[in-house]
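In terms of our numbering, the sequence shown has 694 at position 190, counting the first letter as 1, and numbering is strictly consecutive.
Pair ranges (Cβ atoms, derived):
#1 Lys-661 - Ala-587: 30 to 36 Å
#2 Asp-574 - Asn-516: 27 to 33 Å
#3 Glu-652 - Glu-562: 51 to 57 Å
#4 Lys-543 - Pro-609: 28 to 34 Å
#5 Thr-607 - Ser-648: 32 to 38 Å
#6 Lys-579 - Gly-653: 36 to 42 Å
By construction, these hints were calculated from the structure, which means they are not laboratory data.
In this text, a Cβ means the ideal position worked out from N, Cα and C, and glycines have one as well.
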Amino acid sequence: MKTIYIVEDDTNIREIELFALNNCGYETKGFECAADFLKGIRERKPSLVLLDIMLPDEDGITVLEKLRSDRETRKLPVIMVTAKTTEIDKVKGLDSGADDYITKPFGVMELISRVKSLLRRAEPDSEGMPLRLAGIVLDMVSRSCKVEGKTIELTYKEFELLALLIQNKGVVLSRDILMEKVWGIDFAGESRTLDVHIKTLRKKLEDAGRHIQTVRNVGYLAEEESKK
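Please construct the entire structure, taking both the sequences and the accompanying hints into account.
Structure below.
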């Protein structure tokens, strides 16, 4: 079982994060300050850390720099959690070694999605392995797509979109997350672009396209068991 450490001084937010991730099958442990966290990580290294940037005794950026300077925790997956929304704060966190960031307030589904996605990327054995959903197979090396053995021609963005959905199958991905991950955080186009790509993707996948489902007013998800 994967273990997630949550470093958050706000009790309400920490309890929500603990509850949500426990329900997803992760073992979790919460810390309200940097000192307790740094002590805990010396006793046992987790699979991933959710690290708040604003802590009462030491800021999260400094804590992150300590993790990255230690050989034992240099490659430990870290998601920065911050109430700051300016681009410079996000860049500073990423430049300091954060693997991802999430900005408060955030939804539980977004939190779970980012945790699952980062843990999957951190798995060394999964690198280059094909992604599968029902009869759909994506070869991440050759960037090819097959459905029930039949080759399907996808554009670059269609492939990226399908890969992201399959990597997070069973998890609803919001429109904002899909736009950010596939088109970039500075993408200024209409979100209608996403709907058009989903429609075209479903058409190309033919019957298998039903495994990409719409969650009204939220986004999309990929599921093994689809609704006819």
